Amino acid sequence: MVVRKKNILKKTGFLLIVLLIVTFSIFPFLQMLSTSLKYQFDWGNPSLIPTKINLEAYKELLNISQTTRNIPDSIKRLLDNPKLSKAQKRAIIKKYEETGNVFPFLKYFRNSFVLSFTASFISLIIAVLGAYSFSRVNYRGRGTIQRGVLFVYMFGGILLLIPLYQMAVKLGLAGTRGGTFFSLLIIYMVQTLPVSLYMLGNYFRTIPFSIEEAALIDGCTRFETIRRIIVPLSLPALATVFIYAFMIAWNEYLFASVFLRAYKNLYTLPIGLKSLFVSKNAIWDRIMAASMLTATPVVILFLLIQKNLVSGLTSGGVKE
Amino acid sequence: MTIQAKGLKAEEERFGWKLILPAIIIIASLIFYPIGYNVFLSFFDVKLRGPNTYIGITNYRDIITDLAFWHAVWTTFLYVIFTTIGTTLVGLGVALVMVKEFPLRGLVRAIILLPYIAPVISVVFAWQFFFDPVNGIFMHLTYEKFHLFDQRFNLIGSPQNAIIVAIIFNIWKNFPFSYLMILSRLQSIDATQYEAAEIDGASGWQKFWYVTLPEVYFVVGSIVILRVIWNFNKFEEVYLLTDNVKVLSVYTYFKAFTGTMDQGQGAALSVIQFLLLIGFILFYVKRVLKW
Numbered sequence: 005m006v007v008r009k010k011n012i013l014k015k016t017g018f019l020l021i022v023l024l025i026v027t028f029s030i031f032p033f034l035q036m037l038s039t040s041l042k043y044q045f046d047w048g049n050p051s052l053i054p055t056k057i058n059l060e061a062y063k064e065l066l067n068i069s070q071t072t073r074n075i076p077d078s079i080k081r082l083l084d085n086p087k088l089s090k091a092q093k094r095a096i097i098k099k100y101e102e103t104g105n106v107f108p109f110l111k112y113f114r115n116s117f118v119l120s121f122t123a124s125f126i127s128l129i130i131a132v133l134g135a136y137s138f139s140r141v142n143y144r145g146r147g148t149i150q151r152g153v154l155f156v157y158m159f160g161g162i163l164l165l166i167p168l169y170q171m172a173v174k175l176g177l178a179g180t181r182g183g184t185f186f187s188l189l190i191i192y193m194v195q196t197l198p199v200s201l202y203m204l205g206n207y208f209r210t211i212p213f214s215i216e217e218a219a220l221i222d223g224c225t226r227f228e229t230i231r232r233i234i235v236p237l238s239l240p241a242l243a244t245v246f247i248y249a250f251m252i253a254w255n256e257y258l259f260a261s262v263f264l265r266a267y268k269n270l271y272t273l274p275i276g277l278k279s280l281f282v283s284k285n286a287i288w289d290r291i292m293a294a295s296m297l298t299a300t301p302v303v304i305l306f307l308l309i310q311k312n313l314v315s316g317l318t319s320g321g322v323k324e
Numbered sequence: 251m252t253i254q255a256k257g258l259k260a261e262e263e264r265f266g267w268k269l270i271l272p273a274i275i276i277i278a279s280l281i282f283y284p285i286g287y288n289v290f291l292s293f294f295d296v297k298l299r300g301p302n303t304y305i306g307i308t309n310y311r312d313i314i315t316d317l318a319f320w321h322a323v324w325t326t327f328l329y330v331i332f333t334t335i336g337t338t339l340v341g342l343g344v345a346l347v348m349v350k351e352f353p354l355r356g357l358v359r360a361i362i363l364l365p366y367i368a369p370v371i372s373v374v375f376a377w378q379f380f381f382d383p384v385n386g387i388f389m390h391l392t393y394e395k396f397h398l399f400d401q402r403f404n405l406i407g408s409p410q411n412a413i414i415v416a417i418i419f420n421i422w423k424n425f426p427f428s429y430l431m432i433l434s435r436l437q438s439i440d441a442t443q444y445e446a447a448e449i450d451g452a453s454g455w456q457k458f459w460y461v462t463l464p465e466v467y468f469v470v471g472s473i474v475i476l477r478v479i480w481n482f483n484k485f486e487e488v489y490l491l492t493d494n495v496k497v498l499s500v501y502t503y504f505k506a507f508t509g510t511m512d513q514g515q516g517a518a519l520s521v522i523q524f525l526l527l528i529g530f531i532l533f534y535v536k537r538v539l540k541w
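Line by line, the protein sequences give chains W and F. Residue numbers for the first sequence follow this note's numbering, so the first one is 5 and each next one is one higher. Residue numbers for the second sequence follow this note's numbering, so the first one is 251 and each next one is one higher.
FYI, nobody ran anything at the bench for these hints, they're computed from the structure. All figures in this text were calculated on a predicted structure; none of them were measured in a lab. From the three backbone atoms N, C-alpha and C, an ideal C-beta is built for every residue, glycine too. Keep in mind that the hints are not guaranteed to be accurate.
In the BS3-like style, the derived pairs of lysine-lysine whose C-alpha atoms are separated by at most 27 Å in a straight line are [as the list claims (entries may be wrong)]:
no., chain 1, residue 1, chain 2, residue 2
1, W, 278, W, 63
2, F, 256, F, 268
3, W, 87, W, 111
4, W, 174, W, 90
5, F, 457, W, 14
6, F, 350, W, 15
7, W, 311, F, 350
8, W, 174, F, 350
9, F, 350, F, 259
10, W, 268, F, 297
11, W, 9, F, 268
12, W, 10, F, 350
13, W, 56, F, 395
14, W, 111, W, 278
15, W, 9, F, 457
16, W, 10, W, 111
17, W, 14, F, 350
18, W, 93, W, 63
19, F, 395, W, 323
20, W, 323, W, 311
21, W, 268, W, 278
22, W, 63, W, 111
23, W, 63, W, 90
24, W, 15, F, 457
25, F, 297, W, 10
26, W, 311, W, 278
27, W, 63, W, 311
Computed from the model, here is a short list of chain F residues facing chain W with C-beta under 10 Å [claimed, not checked]:
no., residue
28, 467
29, 468
30, 500
Simulated restraints on C-beta separations [stated by the list, open to error]:
no., chain 1, residue 1, chain 2, residue 2, range
31, W, 243, F, 459, 40 to 46 Å
32, W, 158, F, 304, 24 to 30 Å
33, F, 279, W, 24, 20 to 26 Å
34, F, 351, W, 211, 30 to 36 Å
With the rest of the complex left out, here is chain W:
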């Protein structure tokens, strides 16, 4: 009896510790969600549950039902005038839409998406070839190259920032919109490449070589075996590596802040959010809503690949 009581106590204590760890991990996210849904009078209220749900911040960021929101009443009366043609009305509304949209969330979202998607896609293709070479082909210098790739982990972004920026300036890339976008694209590519190489190399080693041999005997070339055997067999790993690379690019702030400084139209979400915070429009509900919307894609992608990613990370494919 005493033993059982002690056991129950022990078990409850243990579960309390688990609960504590979970709370520690997700409390900031809960705070984010909570504040994004609160009205200003409610911000100082320590309870996470809003007294009244406020969806305005999300609506504003996602541009839902914003058409008439920023239009002054006098103009609204003018719009009721039946003498105006539809086109004229639309022109008036459009004018207010543009000035009213203080934080072009959707535009930044699109920029971030295009940049991250392209960079991680190209990085993935190059990494498939390189990782195959690492894991399957024997040649002199392979070990040196592999160690060289690992060495890259030593260099943080700040060490590469100045020389890469100077290179972009000297090559004339930093002076144009297209050039800047291109520079950032290849920088993101190279940032994600070592991790992709490493993770994929580890995965390819788990595919039995005998499958490839059979294909080679049937007359496939080496290159065809990559396309027809290795790639289809490692689709989950490819997806994992692609998403991980995508997340790295999506989260990047440092290079974007320097390269895109002069091009507001190309801003990615991280710099957009930072500029929103320092601007006078810094309102907690809107900042938190924007944070939620920035984090959501990453969280969803992570949950999709969670199992594979964990094994990839623990076998050494990590980047910070």
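Model the placement of chain F on the given structure of chain W, informed by the hints.
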């Protein structure tokens, strides 16, 4: 070896190089070349427009005679020490809990990885909100509930205290990394070792000390060195949370990209930062890992 076999081997070699070449070109031209170029730039007065002028070691002299630089070195040192110890210990503790069986373990294990994968920019605001003097939960608890302070203040806003928040934030953000690495090692410990220890009458603490700890010693050693490298180079997790904590990365960023934009000095700073890191690693590998 027959001629044919030799030919095959040469072909294999060519094939291997062909596949790795794109990756090599990109990494060489965008990582290794810039590192060299950075050293070159550090001896120049870098102009944003027009040609650079060679000025020898002036940049380096300017840096080491600047007190602010030594302050940044000290700040970095504190930041790296505490964040590395913190993430490793928290990671170890969490791993020891997560290795046990309990309901919803799969879900819990996934959830506690969220801090590590979430974008820095999206989570810094929540942390800033915690310490907001008017609305934040920190002031609510310490000032209103427990009366630890006699007035409301902004913990992140002051240069002396902001580093505390930066360290806690880093631990929160990165403990999942240490946890994951240690957990995967813990899971591969042979259960019979614990059974043997139990038969010998070992207590829980003794089992941890004599079985678990020796098993995780090397993974912890590797985590520490990785965390030192990464925390030493950290920029975003510090700068985005508060610009009051001037670790070397942030100091360099301000020198090179704000005000007069002295990129020559910035380049010299990053060379110094790199040398400091290499120096530490050599020391660590020799003394701690005893290679």
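Hints and how they fare:
About 20 Å separates the Cα atoms of residue 278/W and residue 63/W, which keeps this hinted pair within 27 Å; it holds. The suggested pairing of residue 256/F with residue 268/F holds, with an alpha-carbon distance near 18 Å, which does not exceed 27 Å. Under the criterion of a C-alpha separation no larger than 27 Å, the hint pairing residue 87/W with residue 111/W is inconsistent with the structure, at around 35 Å. Between residue 174/W and residue 90/W the alpha-carbon distance is near 51 Å, which puts this suggested pair outside the 27 Å criterion.
The straight-line distance between the Cα atoms of residue 457/F and residue 14/W is roughly 18 Å, inside the 27 Å bound, and the hint therefore holds. For the given pair, residue 350/F sits about 11 Å from residue 15/W by alpha-carbon distance, which is consistent with the 27 Å threshold. Taking the CA atoms of residue 311/W and residue 350/F, the gap is about 18 Å. The hint holds against a cut of 27 Å. For the hint pairing residue 174/W with residue 350/F, the CA-to-CA distance comes to about 57 Å; that exceeds 27 Å, so the pair is violated.
Simply put, residue 350/F and residue 259/F have alpha-carbon atoms about 50 Å apart, too far for the 27 Å limit, and the pair is violated. Straight-line distance between C-alpha atoms of residue 268/W and residue 297/F comes to about 24 Å, which keeps the hinted pair within the 27 Å bound. At roughly 68 Å between alpha-carbon atoms, residue 9/W and residue 268/F are farther apart than 27 Å, so this suggested pair is violated. Between residue 10/W and residue 350/F, the direct Cα distance comes to roughly 18 Å. Compliance with the 27 Å bound is thereby established for this hinted pair.
About 24 Å separates the Cα atoms of residue 56/W and residue 395/F, which keeps this hinted pair within 27 Å; it holds. As the CA atoms of residue 111/W and residue 278/W are separated by approximately 15 Å, the hinted pair is consistent with the 27 Å bound. Annotation: proposed proximity of residue 9/W to residue 457/F holds, straight-line Cα distance about 24 Å (limit 27 Å). Between residue 10/W and residue 111/W, the direct Cα distance comes to roughly 59 Å. Violation of the 27 Å bound is thereby established for this hinted pair.
At roughly 13 Å between alpha-carbon atoms, residue 14/W and residue 350/F fall within 27 Å of each other, so this suggested pair holds. The hinted pair formed by residue 93/W and residue 63/W meets the criterion: a straight-line CA distance of about 23 Å does not exceed 27 Å. Between residue 395/F and residue 323/W the alpha-carbon distance is near 41 Å, which puts this suggested pair outside the 27 Å criterion. With a C-alpha separation of about 18 Å, the suggested pairing of residue 323/W with residue 311/W holds against the 27 Å cut-off.
Between residue 268/W and residue 278/W the CA atoms are separated by roughly 13 Å; this keeps the pair inside 27 Å, and the hint holds. Annotation: proposed proximity of residue 63/W to residue 111/W holds, straight-line Cα distance about 15 Å (limit 27 Å). Under the criterion of a C-alpha separation no larger than 27 Å, the hint pairing residue 63/W with residue 90/W is consistent with the structure, at around 25 Å. Of the supplied pair hints, the one linking residue 15/W and residue 457/F holds, its CA atoms being roughly 19 Å apart against a limit of 27 Å.
For the hint linking residue 297/F to residue 10/W, the alpha-carbon distance of about 72 Å lies beyond 27 Å, and the restraint is violated. The hinted pair formed by residue 311/W and residue 278/W fails the criterion: a straight-line CA distance of about 32 Å is larger than 27 Å. At most 27 Å may separate the alpha-carbon atoms for a hinted pair to count; residue 63/W and residue 311/W exceed this at roughly 34 Å. Interface hint status for residue 467/F: violated, as the beta-carbon distance to the closest one in chain W is roughly 17 Å, over 10 Å.
For residue 468/F, the interface hint is violated, the least distance from its beta-carbon to any beta-carbon of chain W being 14 Å, above 10 Å. Hint status for residue 500/F: holds, given a least beta-carbon distance of 9 Å to chain W, under 10 Å. Range check, residue 243/W to residue 459/F: Cβ separation about 42 Å, and the 40 to 46 Å hint holds. Between residue 158/W and residue 304/F the CB atoms are about 28 Å apart, so this pair conforms to the stated range of 24 to 30 Å.
Here the CB-CB span from residue 279/F to residue 24/W is close to 48 Å, at odds with the stated 20 to 26 Å. Between residue 351/F and residue 211/W, the C-beta spacing of about 32 Å keeps the proposed range 30 to 36 Å intact.
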